[in-house]
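In case you want the letters, here they are:
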Amino acid sequence: MKLTQNELERIADSAKLELSAEESQNYTQALQARLEQMEVLKQIEASQVEPTIDLLPLTNVFREDKVEKGLTKEQVFANAVEVENDCFKVPRII
Amino acid sequence: MSALLGLTAHELQKLLRKKEISSGDLVKEQLHKIKQVEGEINAFITIAEKEALRKAQNVDKKRSRGEELSPLAGIPMALSDNFLTEGIRTTGASKMLENFIPPYSATVVEKLQAAETVLLGKCNLEEMGLGATTENSLFGSTHNPHDLQAVPGGACGGAAAAVAAEEAVFALGTDTGGDLRQPASFCGVIGFKPTYGTVSRYGIISGASSLDQAGPLTRDMTDCALVMNVISGHDPLDSLSVAPNNAKDYTSFLVNDIKGLKIGIPKEYLEGVDPEIIAWLQQAAAKLEELGAHCEEVSLPYRDAVLSTYQIIAAAEGSTNLARFDGVRYGFRAEGEDLDTFYKKTRGQGFGAEVKKNIILGTYVLSAERYETYYLQALKVRTLIKEELEKKLQDYDCLLLPTTSTVAFNFSDERAKALAGETAVLTCPANLAGIPALSLPWGRVKDRPVGMQFLGRAFAEETLFRIGFALEQKTNLTRLSPKGKGVC
Chain Z
1 MKLTQNELER IADSAKLELS AEESQNYTQA LQARLEQMEV LKQIEASQVE
51 PTIDLLPLTN VFREDKVEKG LTKEQVFANA VEVENDCFKV PRII
Chain E
1 MSALLGLTAH ELQKLLRKKE ISSGDLVKEQ LHKIKQVEGE INAFITIAEK
51 EALRKAQNVD KKRSRGEELS PLAGIPMALS DNFLTEGIRT TGASKMLENF
101 IPPYSATVVE KLQAAETVLL GKCNLEEMGL GATTENSLFG STHNPHDLQA
151 VPGGACGGAA AAVAAEEAVF ALGTDTGGDL RQPASFCGVI GFKPTYGTVS
201 RYGIISGASS LDQAGPLTRD MTDCALVMNV ISGHDPLDSL SVAPNNAKDY
251 TSFLVNDIKG LKIGIPKEYL EGVDPEIIAW LQQAAAKLEE LGAHCEEVSL
301 PYRDAVLSTY QIIAAAEGST NLARFDGVRY GFRAEGEDLD TFYKKTRGQG
351 FGAEVKKNII LGTYVLSAER YETYYLQALK VRTLIKEELE KKLQDYDCLL
401 LPTTSTVAFN FSDERAKALA GETAVLTCPA NLAGIPALSL PWGRVKDRPV
451 GMQFLGRAFA EETLFRIGFA LEQKTNLTRL SPKGKGVC
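In the order they appear, the protein sequences are chains Z and E.
Okay, so the first sequence: first residue is 1 according to the numbering used here, each after it adds one.
Okay, so the second sequence: first residue is 1 according to the numbering used here, each after it adds one.
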């Protein structure tokens, strides 16, 4: 199962990354090598093993729903490139 | 006066309390040193000179008023530039955050401020914490203070280099798969990764959320304990931080007695390690035996699966975390005629090559067709690795292995660089299992520092502190000053 350049470009597209032709060629080669090394995992019999998702044996604890101090509007917008009418401005969506 | 800069925080605190020095003078001296060596080391991205001098003056005023101050009050320190600092630029060494001024601070930063420490600046790292040499930074490479031809390690190479080059008394870094311990080893300082859940991750640029822990880089174990006392503990803003009743006094673990401790040395992990480092490991084991501990070889056969398991989980979680950088609310933004092009151009131009490769790998292993083969299998193998370690740690108080398989290599050494990722096999088991790990400087090979690593049971940091403390009382191998070498 070899990663093709086409497949890599499709993945980059879904990860919202624009790549140059040179980048996609280089990354395909680099990632192919890394995926080959990962073949080692397929040889391990783990069909009956529970996946580790949480490291700590924690259960949900719900806090009281009370108002806490948050960021001010000025702070929230301080790092934005474009703001209009107290909204983040982005290119046309539809 | 420059003799001050090699001292530990607790040694400096004695002088501050006796009013033999002031924090203002200490910080000025520290800033002077930074200016002297930064041209060659490049440990810092941002130096917060004005803020540091102001803070030091405040601490001095409080001290002169006789206020009770914390053991770290007035001590100059540095943070890896992935900890958010309100009002002070935080970049993650990425173009994506080149001009980002956080509106709030990470919980650990607030805790360090409450303890009246003095932040000197923000240290260089691999872009978004991805990598092992601190070369993939928007702000250039950091150089190893022990030898400027050598890499400092990474991801938190700047923070480790700053402590080693006496540019800061201590620093904080983050550890996802060894990002704090490996540079600590390369630069000859102590690096401690606490048990997962001990230190709040709130306000730290996320790497891989199930692996990340922040920890101290220090010159000795007492400083390490003092910093842990400040930064550890429950934080309501990090849902995976431990309950308040787990609060500990780490200085109480500084006991010079390791009699009867059982220490396992996992033989599989010694494969591929430089024979001269193995010789230091044997010397460490002999010293531990001399102090009354018992060392023996143990077997951990899942070693060969560790690196792939780590890479898959780290890439999957990393790519998910990096999805937040979209150019809308903060950070770099490229022009695009529609939203989709805008996102793609922003992320394509804002991230460097290593970050993009990691996002693609993570997206690939999480994709519907590959999820079971890669990601789910990695989570299952993680269980096997974790259980193997936990089982061994039931029989042994801790495990001893080197932190790295080679000492720091040269920037030009492409072969060594290619192997750098693979040496993470020694450090990432602790992250996969969530257990604490200490890297302690232990001698030199070819004039470059070696690090020994101790892995302990989850939430049993005490054993690691006892071992580190006992060893540093008995030898001078744990204090590796770069004086007379590099630039110091």
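There could be a bad hint or two in this list.
[As the list claims (entries may be wrong)] Some chain E residues near chain Z, calculated using beta-carbon distances under 8 angstroms: (1) S70; (2) Y104; (3) L240; (4) D304; (5) V328; (6) D338; (7) Y343; (8) Y371; (9) Q377; (10) F411.
[Claimed, not checked] Each computed BS3-like pair below joins lysine-lysine, with the alpha-carbon atoms no more than 30 angstroms apart: (11) Z:K73 to E:K357; (12) E:K417 to E:K95; (13) Z:K42 to E:K345; (14) E:K111 to Z:K42; (15) Z:K89 to E:K357; (16) E:K248 to E:K345; (17) E:K95 to Z:K89; (18) E:K392 to Z:K69; (19) Z:K2 to E:K111; (20) Z:K42 to E:K344; (21) Z:K2 to E:K267; (22) Z:K73 to E:K62; (23) E:K357 to E:K391; (24) Z:K42 to E:K19; (25) Z:K73 to E:K344; (26) E:K267 to Z:K69; (27) E:K391 to Z:K89; (28) Z:K2 to E:K391; (29) Z:K69 to E:K386; (30) E:K380 to Z:K42.
For the record, the hints were derived by calculation from the structure and aren't laboratory data.
Beta carbons are placed, not taken as given, at the ideal position from N, Cα and C, and that holds for glycine.
Structure-based check of each hint:
no., hint, in the structure
1, S70, "25 angstroms, violated"
2, Y104, "7 angstroms, holds"
3, L240, "6 angstroms, holds"
4, D304, "6 angstroms, holds"
5, V328, "5 angstroms, holds"
6, D338, "6 angstroms, holds"
7, Y343, "4 angstroms, holds"
8, Y371, "11 angstroms, violated"
9, Q377, "5 angstroms, holds"
10, F411, "20 angstroms, violated"
11, Z:K73 to E:K357, "35 angstroms, violated"
12, E:K417 to E:K95, "24 angstroms, holds"
13, Z:K42 to E:K345, "36 angstroms, violated"
14, E:K111 to Z:K42, "44 angstroms, violated"
15, Z:K89 to E:K357, "29 angstroms, holds"
16, E:K248 to E:K345, "48 angstroms, violated"
17, E:K95 to Z:K89, "21 angstroms, holds"
18, E:K392 to Z:K69, "46 angstroms, violated"
19, Z:K2 to E:K111, "49 angstroms, violated"
20, Z:K42 to E:K344, "33 angstroms, violated"
21, Z:K2 to E:K267, "34 angstroms, violated"
22, Z:K73 to E:K62, "34 angstroms, violated"
23, E:K357 to E:K391, "35 angstroms, violated"
24, Z:K42 to E:K19, "63 angstroms, violated"
25, Z:K73 to E:K344, "28 angstroms, holds"
26, E:K267 to Z:K69, "53 angstroms, violated"
27, E:K391 to Z:K89, "54 angstroms, violated"
28, Z:K2 to E:K391, "37 angstroms, violated"
29, Z:K69 to E:K386, "39 angstroms, violated"
30, E:K380 to Z:K42, "11 angstroms, holds"
Hints 1, 8, 10, 11, 13, 14, 16, 18, 19, 20, 21, 22, 23, 24, 26, 27, 28 and 29 from the earlier list are contradicted by this structure; the remaining hints agree with it.
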